[in-house]
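Undergrad: In case you want the letters, here they are:
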Amino acid sequence: MTDYLGELRDSARQVLAGTGTPASEDKLWPLLVELGWLLAPVPEHLGGLGLGIEGACSLHTELGGGLSQAAYLPATLCLDAVCHSDLPEPERAAWVERLCSGELGTAPLTDPALTLASGAGALSGLAATVQSADRASHVLLWTADHDCLLLLALDQPGVQITSRATWDVTRRLFDLRVDNAALAEQLVLARGDAARAAVRRLHTLRDLSLAADAIGGAAALLALTLEHLATRRQFGRPLALFQALKHRCADLKTRLAGAEALLQDSLAAISTEAGDAGALHTAHKAKYLACATFLNVAEESLQLHGGIGMADEHPCHLFLKRAMLNEHLGSAEQGYEIAIADHFLGTA
Amino acid sequence: MDSEENIRSLRMAVRAWLRENVPAGWREAMTGTDQASFVSAQRDWFAKLSEAGYATPHWPEGWPGGGRSLVEQKVIFEEVARADAPRLILFFVALYHAACTLLECGTAEQRERYLPGILAGEIWCQGFSEPNAGSDLASLKTRAERRGDHYVINGQKTWSTMAQYADRCLLLARSDRSGPPQAGLTYLLLDMKSKGVSVRPISQITGDDEFAEIFFDDVEVPVTDRVGEEGNGWAVAQATLASERGLTLVELSQRMRYSLPLLRDLMRARRCEGDSAARRDLGALIARVDATCALADQYLLKRISGTEVAGDASMVKLHYSRTLREFVSLGRRLSGLQGQYDPGFMRGATQETGNWTLDFMNSYNWSIAGGSDEIQRNIIAERLLGMAREPKNWQLESPA
Ligand SMILES: Cc1cc2nc3c(=O)[nH]c(=O)nc-3n(C[C@H](O)[C@H](O)[C@H](O)COP(=O)(O)OP(=O)(O)OC[C@H]3O[C@@H](n4cnc5c(N)ncnc54)[C@H](O)[C@@H]3O)c2cc1C
Numbered sequence: 065m066t067d068y069l070g071e072l073r074d075s076a077r078q079v080l081a082g083t084g085t086p087a088s089e090d091k092l093w094p095l096l097v098e099l100g101w102l103l104a105p106v107p108e109h110l111g112g113l114g115l116g117i118e119g120a121c122s123l124h125t126e127l128g129g130g131l132s133q134a135a136y137l138p139a140t141l142c143l144d145a146v147c148h149s150d151l152p153e154p155e156r157a158a159w160v161e162r163l164c165s166g167e168l169g170t171a172p173l174t175d176p177a178l179t180l181a182s183g184a185g186a187l188s189g190l191a192a193t194v195q196s197a198d199r200a201s202h203v204l205l206w207t208a209d210h211d212c213l214l215l216l217a218l219d220q221p222g223v224q225i226t227s228r229a230t231w232d233v234t235r236r237l238f239d240l241r242v243d244n245a246a247l248a249e250q251l252v253l254a255r256g257d258a259a260r261a262a263v264r265r266l267h268t269l270r271d272l273s274l275a276a277d278a279i280g281g282a283a284a285l286l287a288l289t290l291e292h293l294a295t296r297r298q299f300g301r302p303l304a305l306f307q308a309l310k311h312r313c314a315d316l317k318t319r320l321a322g323a324e325a326l327l328q329d330s331l332a333a334i335s336t337e338a339g340d341a342g343a344l345h346t347a348h349k350a351k352y353l354a355c356a357t358f359l360n361v362a363e364e365s366l367q368l369h370g371g372i373g374m375a376d377e378h379p380c381h382l383f384l385k386r387a388m389l390n391e392h393l394g395s396a397e398q399g400y401e402i403a404i405a406d407h408f409l410g411t412a
Numbered sequence: 051m052d053s054e055e056n057i058r059s060l061r062m063a064v065r066a067w068l069r070e071n072v073p074a075g076w077r078e079a080m081t082g083t084d085q086a087s088f089v090s091a092q093r094d095w096f097a098k099l100s101e102a103g104y105a106t107p108h109w110p111e112g113w114p115g116g117g118r119s120l121v122e123q124k125v126i127f128e129e130v131a132r133a134d135a136p137r138l139i140l141f142f143v144a145l146y147h148a149a150c151t152l153l154e155c156g157t158a159e160q161r162e163r164y165l166p167g168i169l170a171g172e173i174w175c176q177g178f179s180e181p182n183a184g185s186d187l188a189s190l191k192t193r194a195e196r197r198g199d200h201y202v203i204n205g206q207k208t209w210s211t212m213a214q215y216a217d218r219c220l221l222l223a224r225s226d227r228s229g230p231p232q233a234g235l236t237y238l239l240l241d242m243k244s245k246g247v248s249v250r251p252i253s254q255i256t257g258d259d260e261f262a263e264i265f266f267d268d269v270e271v272p273v274t275d276r277v278g279e280e281g282n283g284w285a286v287a288q289a290t291l292a293s294e295r296g297l298t299l300v301e302l303s304q305r306m307r308y309s310l311p312l313l314r315d316l317m318r319a320r321r322c323e324g325d326s327a328a329r330r331d332l333g334a335l336i337a338r339v340d341a342t343c344a345l346a347d348q349y350l351l352k353r354i355s356g357t358e359v360a361g362d363a364s365m366v367k368l369h370y371s372r373t374l375r376e377f378v379s380l381g382r383r384l385s386g387l388q389g390q391y392d393p394g395f396m397r398g399a400t401q402e403t404g405n406w407t408l409d410f411m412n413s414y415n416w417s418i419a420g421g422s423d424e425i426q427r428n429i430i431a432e433r434l435l436g437m438a439r440e441p442k443n444w445q446l447e448s449p450a
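Keeping their order, the protein sequence lines are chains G and L.
One rule links them: number in my numbering = place in the first sequence (from 1) + 64.
One rule links them: number in my numbering = place in the second sequence (from 1) + 50.
In isolation and in its complexed conformation, chain L is listed as follows:
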């Protein structure tokens, strides 16, 4: 299947398709735009991509667009990145977090019920974090009380990306307050249009409002929308987070690699191609970017072959996050004073717009969200390297 011939023709086909279909000037169109145009641009692009079968190369065989080999997936991600096509940020949680969770932990009925909706363009959000439960996710307090064939939800989530647009939410809630915190969690699929759900967007430091608070006031969720057993939500949530830490990064690291020409353009524009300090930094960065791509690919191979171990996904995420920060920092530094002028608000900006100060700020999404760099380091140290864990019991002593 992965013969050189096949791969080459897939690459050519994808490239030709992208040349025809990537909306010209889409980035400019997102500058200063309103929510409605952002949503409709994302919807149009998603519809085109999934119709062509390029939106879900990471899905398994039997699903539209799925069943691609790793090499094929990479070719598609590479070409999409190379064409600087819009990223499907509005559908990111649906395509990765929701789909992977359903495929790994959902029932056949749940898959039949929800995956087609995702392919048809349903927007999902992830409702894990709470004001007092960020890194310490297991301490979350939003309640899920069983009443007959429903759960009744009360509480609050925060930092939920795209929640203001979402049709559905991956909800992690507490169904039992006795016992250790991880043990009492239950994983639910919540309809955002249910009675009692309200959403308040949060203004971000970039001027965008991509994430939101979600409030639940006696919201009912049918028991059939529970993923895994009651009280087994922690394990299901790990599947969601692993997809975010590992799988999404195959795409994102390719994005980063194909954004390297932005640095070349910048160096030309700033006339510092001959500057040996800048070239040295660039060279070091390129090696690190390639390493990030290689690590993400290896991770995927391990996942496919079932040889993944705890900590692998964390290394992929941490490697990406640190390299991305170096990438955008170099751009920001080389942009000089020009980079400090605000070109106007860009909706749905990612970390590769070539507006380096904006990209720099957005790069913090990857070092904070989905388990911060520090949390990844803890996982790598404790689970992969087997180093002693932080004590659970502690006592606050006043400093000497």
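Here chain G stands alone, though its shape is the one from the complex:
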């Protein structure tokens, strides 16, 4: 399995080297479908490569480093939810097939605020940060009480998407408004306790995936900055010769190594049991630290680039803006640090 992973990562690296920074959605999405990246985390019994969350995360890391605009991350969340649903066969297999062959099932990158009107079985509310919704046929959604997980067709009455411009231009996010969509018409993936476990699993995967994306971004940006310091000369010497700057880079590298190690550790610990509360807690730490580290690397990199970092033509700011957005994705509204502390103190 690890060989497979290595090969996949190498091929991803090659592909991204050819798509430019940021890697455009138009080029990258068809390519990654063709290369079977969506199949990477899908279990073998469903026709996938069985590389699990580790496989997905190594791709997220590469895609993060290339500032990918493609909605691969939410697509893998959507796919995972279908794979682990109780949908009867052959319906489930048919969905997996559809979602692996180019039809986009996306998901919100933060927690949606959706409720089911009791009795009526009608779904209403708002899901923000739904990535590439205009290209998707379906969106993975869950109610605020985690009692229901479903796949919602975008093409139906009462469903509306609105594009929201973000500073980060490497993702295209949408608000999704749902107004009294009949639950009976939707593809319900889980209800009750099963739904609660599925949402925990989904949150776990989402947080780990965002962490992997951030690690990739941070590593690529640090490499860019090191290259700049090595080649840019002032005072008749490379900037890299100044100890003050070397120490800053050494600190960044050390933080990054820590965040990376935590993610690796988390991935190893949870891969078999992504649905339990302990796994989610592990993912919280990985997400928090990776995103904080990415932002730290980005803030420092802008400064270390000097004037050129403030120019639109240089990619430095694209990383910074993605890092700022990443920090606020997932369950950030609730505060990851607070969730981690509460868990420790038993005050959750």
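Derived from the structure by calculation, the hints contain no laboratory data.
Computed from a predicted structure; not experimentally measured.
Note that beta-carbon positions come from the ideal geometry of N, C-alpha and C, so glycine has one too.
It is possible that part of the hints are untrue.
Stated by the list, open to error - For each label pair, taking beta carbons as the anchor points, the in silico distance ranges come out as:
1) L:G167 / G:A308: 48 to 54 angstroms
2) L:E195 / G:A308: 34 to 40 angstroms
3) L:P73 / G:S227: 31 to 37 angstroms
4) L:R227 / G:E377: 28 to 34 angstroms
5) G:A325 / L:E154: 33 to 39 angstroms
6) G:A341 / L:A79: 47 to 53 angstroms
7) G:D219 / L:E70: 52 to 58 angstroms
8) G:T411 / L:G333: 22 to 28 angstroms
9) G:R301 / L:E70: 53 to 59 angstroms
10) L:T274 / G:H378: 36 to 42 angstroms
11) L:R227 / G:E71: 52 to 58 angstroms
What the hints assert, rightly or not - Short derived list, chain L residues pointing at chain G, Cβ under 7 angstroms:
12) W113
13) D186
14) I252
15) Q254
16) G386
17) Y391
18) D392
19) Y414
20) I418
21) G421
22) N443
23) W444
24) Q445
Could you slot chain L with the ligand onto chain G? The hints should help.
TA: What follows is chain L with the ligand alone, placed relative to chain G:
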């Protein structure tokens, strides 16, 4: 002059004037606007302010609006900041860099010739940095060759703020290539409408294009427009930079202090006034903001009394820059996901718009431009603290 009575009545007068005159909704008007409306809004505001005598409180006695005591200057800056009046960013270099350089190093004729133009709304830019001469300013290569009663300029400048609007440029160029790099520089006042000048605006990460490259192709500058002696440009440039590092920060630190209510509004809107982590950060920030203001004031007093020492201005700038970064970072963090949505391009945005992600990015102007934080640290360490300097001679060894 600074009796409590006088100061109070000045404050009341300025406040009343601002209430009448600050254009309502000026910030919104700058959202998505074109260059022409930005320029005309800045011009109108400058004309009003200077007519009222509030545009140049930092100028010396004898000049319109000048001759104010430190306390009076502060009152004016405070009230302007408090009213959230537009900042004169288009005239910033003219009012500070150019004026201070002329007042300190120019001849009486040059002052008579150029200061009235500045008061009448001429726009100036600063042409120091080059693609290969940023922190290491003294290595600059743009040439100034003496030919009779003219200098002929060839070369390129970059990152020049507002150069695309500028009437004149503070130009630092090389007149002599022999000897140490600092020794061969000459300081000139260049007419941007001269033949051979071309300007290319640079798009910024904020969507604005406030700075530009300037190209010089056999541009002639009369010798009478030289500030200081030929080859003495480095010392004159230090005067320009000192005004940027020290003097402008009295105004800017007051701006920052009076922008604190933006954080209060944000905390209310986000319902986190009760959040003890947010309150702790806010409290720590307020203390640092007050310290920045106090340090800037003290600097000005030292300047007036002639007790300024090397490194003082650098501390003011570094203190401001770090505190500003904390300020906008707190705002950005507390804004949550909302802060990541792009509300549309705002021309001439400063670092206190309350759009925290934009403010955050603009705060890098203060840690990079005018001598970066790292360069200020070097100056403080080497000149103020007397720590050993980086060796001039070095050898690149491959890493072990
Ligand atoms: C918004 C903005 C407006 C500007 N406006 C003007 C203007 O109007 N006119 C003008 O002439 N210039 C202007 N500048 C240019 C500015 O002065 C330079 O960007 C600045 O001097 C840094 O130079 P640089 O960009 O070449 O960076 P570099 O000098 O290449 O520096 C890159 C990094 O290396 C660090 N570094 C460099 N030397 C050392 C050292 N010895 N020790 C430790 N660290 C070091 C720097 O601090 C920085 O972090 C502006 C810049 C900005 C961002």
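Undergrad: All hints, please: hold or fail.
TA: Verification of the hints:
Distance hint check for L:G167 and G:A308: the Cβ-Cβ separation is about 42 angstroms, which falls outside the suggested range of 48 to 54 angstroms. Taking 34 to 40 angstroms as the suggested C-beta distance range, the pair L:E195 and G:A308 conforms, at roughly 37 angstroms. About 32 angstroms separates the C-beta atoms of L:P73 and G:S227, a value consistent with the hinted range of 31 to 37 angstroms. Checking the proposed 28 to 34 angstroms range against L:R227 and G:E377 shows it holds: the Cβ atoms sit about 31 angstroms from each other.
Range check, G:A325 to L:E154: Cβ separation about 55 angstroms, and the 33 to 39 angstroms hint is violated. Between G:A341 and L:A79 the C-beta distance comes to about 52 angstroms, which sits within the given range of 47 to 53 angstroms. Checking the proposed 52 to 58 angstroms range against G:D219 and L:E70 shows it holds: the Cβ atoms sit about 57 angstroms from each other. Range check, G:T411 to L:G333: Cβ separation about 24 angstroms, and the 22 to 28 angstroms hint holds.
Taken as a hint, the range 53 to 59 angstroms holds for the pair G:R301 and L:E70, whose Cβ atoms sit roughly 56 angstroms apart. Between L:T274 and G:H378 the CB atoms are about 40 angstroms apart, so this pair conforms to the stated range of 36 to 42 angstroms. Between L:R227 and G:E71 the CB atoms are about 56 angstroms apart, so this pair conforms to the stated range of 52 to 58 angstroms. At about 33 angstroms, the closest approach between the beta carbon of L:W113 and any beta carbon in chain G exceeds 7 angstroms, and the interface hint on this residue is violated.
Contact between L:D186 and chain G, as hinted, is supported at the beta carbon level, the nearest pair being about 4 angstroms apart and thus within 7 angstroms. Restraint check, L:I252 versus chain G: the minimum CB separation of about 5 angstroms is within 7 angstroms; hint holds. A cut of 7 angstroms between beta carbons decides the hint on L:Q254: the least distance to chain G is about 6 angstroms, and the hint holds. Checking L:G386 against chain G by beta carbon gives a least distance of about 6 angstroms; that is within 7 angstroms, so the hint holds.
Annotation: L:Y391 was flagged as interfacial toward chain G, and the flag holds, the nearest CB pair being 6 angstroms apart, inside 7 angstroms. The interface hint given for L:D392 holds, since its Cβ lies 4 angstroms from the closest Cβ of chain G, which is under the 7 angstroms cut-off. Taken as an interface hint, L:Y414 checks out: its beta carbon lies about 6 angstroms from the nearest beta carbon of chain G, inside 7 angstroms. Using the Cβ-Cβ criterion of 7 angstroms, the hint placing L:I418 at the interface with chain G is satisfied: the shortest such distance is roughly 6 angstroms.
At about 11 angstroms, the closest approach between the beta carbon of L:G421 and any beta carbon in chain G exceeds 7 angstroms, and the interface hint on this residue is violated. Given the 7 angstroms rule on beta carbons, the hint for L:N443 is violated: about 9 angstroms separates it from the nearest Cβ of chain G. Of the supplied interface hints, the one on L:W444 holds, with its beta-carbon coming within about 6 angstroms of a beta-carbon of chain G, less than 7 angstroms. Given hint, L:Q445 at the interface with chain G, is violated; its Cβ is 9 angstroms from that chain's nearest Cβ, farther than 7 angstroms.
Hint compliance for this structure: hints 1, 5, 12, 21, 22 and 24 are broken, all remaining hints hold.
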